[in-house]
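Peer 1: Each chain, letter by letter, is given below.
There are 2 protein chains.
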Amino acid sequence: MPIPKLSKLEMQIMDALWTKGECSVREIHEEFPEKGRPAYTTVQTMVNRLEAKGAVERAKKIGNSLIFRATLSRTAAHRRLVDEFFSFFDGRVQPVIAHLIQSGKMTGEDIKEAQKLLKEHTEKREPR
Amino acid sequence: MPIPKLSKLEMQIMDALWTKGECSVREIHEEFPEKGRPAYTTVQTMVNRLEAKGAVERAKKIGNSLIFRATLSRTAAHRRLVDEFFSFFDGRVQPVIAHLIQSGKMTGEDIKEAQKLLKEHTEKREPR
DNA sequence: TTGAAGGTACTACTAGTGTAGGAGGGTGTC
DNA sequence: GACACCCTCCTACACTAGTAGTACCTTCAA
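Protein chains in written order, with this note's numbering: chain A, 1 to 128; chain B, 1 to 128.
No lab work stands behind these hints, which were simulated from the structure alone.
There is no bait here: all hints are sound.
It does not matter which identical chain is meant; a pair holds if it fits inside one copy or across any two.
Derived pair list, reagent style DSS-like, types lysine-lysine, alpha-carbon separation capped at 25 angstroms:
(1) K20 - K60
(2) K8 - K53
(3) K124 - K105
(4) K105 - K8
These figures come from a predicted structure and were not determined experimentally.
My request is simple: use the sequences and hints to build the entire structure.
Peer 2: Encoded structure:
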């Protein structure tokens, strides 16, 4: 099955699971900042939908509450998101970079980091 | 009025307008690759919605067909998209860059370009 | 053993997106 | 002037995401 498309809220829920590991709905719910936190049942609905999409599964039951586990990895989900996003730009990264720099989101530090990653990546593909 | 949120299809329609300039619905429709092209009326509906969102306007009428013009700039729309996207990552560019490099979408060329842009950007903000 | 607390399951509604059909109007041509 | 063609306008429908209420079920403690 292909990597499912996750919405913003779904992604936030996955984040809780990725960060904290196995979680009950209650715990996920409490990960949301108090201000603007959705209703408990809203989180529940989303967790159910994530289960239907195959992104999470029931790990076990403690008391009468279900504990969920992410089956989709953060990396895979992010890759999906990144690919989707860049398809808007025909896969060209250049225009995106330009915006990032203009808005100050991307700094010299980020570029240095990118160079390091690129070097590592290249070395892995062409081991001396 | 804030920059409206555009969906994927809406973005494709805007693309036609941005690239070709003022267009009739027919011309926009024909910009879509034949394979997978939506129905003419689908494009029409989207153009109407874009008009409601204030992203396009009627430029003039030729014969009985309306000619539309983009009122939202490509740059503004792209910036909106980029901001939206990076909010998924808490505004951190680093994880995104990592994916881009791993998938080979970002090359040494792109990084060089980024450095150039950054330099220009910094110089503009702190002249000499 | 029964009741409160808290969980799950089911249902519902709205807004937005993608999709498109059909009615009706303008127009150019024969 | 009548007709075919193309255009617009209106309407409709399915699906997804976000939101949440309500009914019912499970536990644990008193």
